[in-house]
Structures are given as C-alpha cells and as structure tokens.
Amino acid sequence: QKEVEQDPGPLSVPEGAIVSLNCTYSNSAFQYFMWYRQYSRKGPELLMYTYSSGNKEDGRFTAQVDKSSKYISLFIRDSQPSDSATYLCAMSVRGGSYIPTFGRGTSLIVHP
Amino acid sequence: SQTIHQWPATLVQPVGSPLSLECTVEGTSNPNLYWYRQAAGRGLQLLFYSVGIGQISSEVPQNLSASRPQDRQFILSSKKLLLSDSGFYLCAWTWGTGELFFGEGSRLTVL
Chain R
1170 QKEVEQDPGP LSVPEGAIVS LNCTYSNSAF QYFMWYRQYS RKGPELLMYT
1220 YSSGNKEDGR FTAQVDKSSK YISLFIRDSQ PSDSATYLCA MSVRGGSYIP
1270 TFGRGTSLIV HP
Chain Y
1083 SQTIHQWPAT LVQPVGSPLS LECTVEGTSN PNLYWYRQAA GRGLQLLFYS
1133 VGIGQISSEV PQNLSASRPQ DRQFILSSKK LLLSDSGFYL CAWTWGTGEL
1183 FFGEGSRLTV L
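Protein sequence lines correspond, in order, to chains R and Y.
Just so we're aligned, residue 1170 is where the first sequence starts under my numbering, counting upward by one.
Just so we're aligned, residue 1083 is where the second sequence starts under my numbering, counting upward by one.
Quick caveat, the hints were computed from the structure, so don't treat them as lab data.
Where a beta carbon is used, it is the ideal one built from N, C-alpha and C, also for glycine.
Misleading hints may appear alongside valid ones.
[Stated by the list, open to error] Okay, derived cross-link-like pairs now, DSBU-like style, lysine-lysine, Cα gap no bigger than 30 Å in a straight line:
1) Lys1239/R - Lys1225/R
2) Lys1236/R - Lys1162/Y
3) Lys1211/R - Lys1225/R
4) Lys1236/R - Lys1171/R
5) Lys1211/R - Lys1162/Y
6) Lys1225/R - Lys1171/R
[To be verified] Some residues of chain R that are not near chain Y, with every Cβ distance over 12 Å (derived):
7) Pro1183
8) Ala1186
9) Ser1189
10) Thr1193
11) Asn1224
12) Glu1226
13) Thr1231
14) Asp1235
15) Ser1237
16) Tyr1240
17) Asp1252
18) Ser1253
19) His1280
[What the hints assert, rightly or not] Here are the in silico distance ranges between beta carbons for each label pair:
20) Asn1224/R - Leu1193/Y: 42 to 50 Å
21) Asn1224/R - Lys1161/Y: 46 to 54 Å
22) Pro1250/R - Arg1189/Y: 21 to 29 Å
23) Ser1197/R - Lys1161/Y: 39 to 47 Å
24) Ser1140/Y - Ser1209/R: 24 to 32 Å
25) Ser1147/Y - Gly1185/R: 47 to 55 Å
26) Leu1215/R - Asp1153/Y: 18 to 26 Å
27) Asn1224/R - Thr1092/Y: 17 to 25 Å
28) Glu1108/Y - Glu1184/R: 34 to 42 Å
29) Glu1214/R - Leu1193/Y: 27 to 35 Å
30) Pro1250/R - Gly1136/Y: 45 to 53 Å
31) Asn1196/R - Ala1121/Y: 20 to 28 Å
Turn these sequences into a full structure, and let the hints guide you.
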C-alpha cells in the first residue's frame, strides 16, 4: 500500500459543477496537508495548506482534513474551464527535512 | 516576496553529454532546497534535497548529482546523460514548514 493514494482520473465535469478531489493516506504521523495545482508543462502551484483537522476555505476552494479517517479532500465550487489542471495532494510530518509525500495527481477537465 | 528561478526552461541533449540545471531562490535565506523529476503519468520523484550549503542528500542512486555552492543556489548535474534521464525537472524550496514552492520546471529531452 502506498503512503498516499490519489485517483489519477481524468475527472470531467461541466462548468459550474462542484468538484471533489480526494486523497487517502496511511501514515498517521502526517501533520501538514497541501493541495497543489499544476497546469500542463508548468510547475505545481500551492493552492491550500493546512495542519489541522476540519475545513479551510479560500475563495472557491475548500480543503478538508479528516485525520481519524486519514482522508483529505479539496472542493472546488463553481468550477471554471480555467480550473482544468492536475491537482496533487501532499502531506508531511513535522520536523526533519519536511519532505512531503505526494499523491500522483488527479487530472481535472472542466468543459464549457 | 520570495521567488524561485529555474533555467533553462527547455533543452535537448544527446546521450552522453553533460547536464547542468540551475535554480536560484530570492527573498529568503537558508531555505531547504529540492530537486524533483516528473515523468509523464508517474508523479513526482524526489532526487535530492539540501538543508544548507554543501549539504546534499540523495534519494535515488543514479548518474545525477546536485550541489549547493551558495545559500540560495541549487544545481543539478550529470557528466553523461542517459535516455532515461529525459523528463521534467522541478526545483522547489521551503522555509521548513512543509509547504513547498516550485519553480517553473526544466524540460529535458535526451536523444
């Protein structure tokens, strides 16, 4: 079992839909949780960063962490074609070199 | 504000030729620095990381090497490229809080 599991997709949704992207993990020591957005042929861009259970909202994006279930989610409201990208989850333990463990990414396609 | 620069953006190299990719971070001091490779459909593979000048840790044995000659400079090198070295190389940095900030990437094609 991989430390971080993420469905690669592709996930195709119509414009305006609510998108749910998910990752599960097995290492209970993970304390920092991140979501990155990566457009084709570009570097990943940090979208959301959280270190606690519960929800964190930023505009149309909501990150949710459930440590008891070892499950994190990213919700995108009112999705736009410009949201079409690959979304990677990442998580790391506290201390040391802070090397995050990444999911393989989910490809999202929002069609007009 | 902090910025990260990575170059060259694209390069095509013959098998057996040397490689040098450079990465520079501005606006911060003593960052942790990372080199990743991303192969198509395979996710991010950590190659090297550095917590200080001259301190390099290798995650995957291969014909690549890394150096950190200055606090905010990270260099990825190879003496002789292999076909399997083709890929998208990403430099990243962090303050040490777990969140990484990536450069725009360097796409390497080895022919």
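Here is how each hint holds up against the structure:
1. Lys1239/R - Lys1225/R: Cα-Cα ~17 Å, so holds.
2. Lys1236/R - Lys1162/Y: Violated - the C-alpha atoms of Lys1162/Y and Lys1236/R are around 45 Å apart, more than 30 Å.
3. Lys1211/R - Lys1225/R: The given pair, whose Cα atoms are some 26 Å apart, holds under the 30 Å limit.
4. Lys1236/R - Lys1171/R: Judged against 30 Å, a Cα distance of about 17 Å means the pair holds.
5. Lys1211/R - Lys1162/Y: Holds, because 26 Å separates the two Cα atoms, which is no more than 30 Å.
6. Lys1225/R - Lys1171/R: Answer holds: Lys1225/R to Lys1171/R is near 26 Å, not above 30 Å.
7. Pro1183: Fine: 25 Å to the nearest Cβ keeps Pro1183/R off the interface.
8. Ala1186: Per Cβ check, Ala1186/R is outside 12 Å of chain Y; nearest 25 Å; holds.
9. Ser1189: holds (21 Å)
10. Thr1193: holds (15 Å)
11. Asn1224: holds (18 Å)
12. Glu1226: Given a closest Cβ separation of 17 Å, the condition holds.
13. Thr1231: holds (18 Å)
14. Asp1235: Non-interface label stands for Asp1235/R: nearest chain Y Cβ at 18 Å, farther than 12 Å.
15. Ser1237: holds (20 Å)
16. Tyr1240: Check passes; 19 Å lies beyond 12 Å.
17. Asp1252: holds (19 Å)
18. Ser1253: Fine: 17 Å to the nearest Cβ keeps Ser1253/R off the interface.
19. His1280: Nearest chain Y Cβ is 21 Å from His1280/R, so the label holds.
20. Asn1224/R - Leu1193/Y: 42 to 50 Å: holds (49 Å)
21. Asn1224/R - Lys1161/Y: 46 to 54 Å: holds (50 Å)
22. Pro1250/R - Arg1189/Y: 21 to 29 Å: holds (24 Å)
23. Ser1197/R - Lys1161/Y: 39 to 47 Å: For Lys1161/Y against Ser1197/R, whose Cβ atoms are near 42 Å apart, the range 39 to 47 Å holds.
24. Ser1140/Y - Ser1209/R: 24 to 32 Å: Given a distance of about 29 Å, which is inside 24 to 32 Å, the answer is holds.
25. Ser1147/Y - Gly1185/R: 47 to 55 Å: About 49 Å separates the Cβ atoms of Ser1147/Y and Gly1185/R, which means 47 to 55 Å holds.
26. Leu1215/R - Asp1153/Y: 18 to 26 Å: holds (22 Å)
27. Asn1224/R - Thr1092/Y: 17 to 25 Å: violated (40 Å)
28. Glu1108/Y - Glu1184/R: 34 to 42 Å: Given a distance of about 37 Å, which is inside 34 to 42 Å, the answer is holds.
29. Glu1214/R - Leu1193/Y: 27 to 35 Å: Holds, at about 30 Å.
30. Pro1250/R - Gly1136/Y: 45 to 53 Å: holds (46 Å)
31. Asn1196/R - Ala1121/Y: 20 to 28 Å: holds (24 Å)
Consistency note: the structure conflicts with the earlier hints numbered 2, 27.
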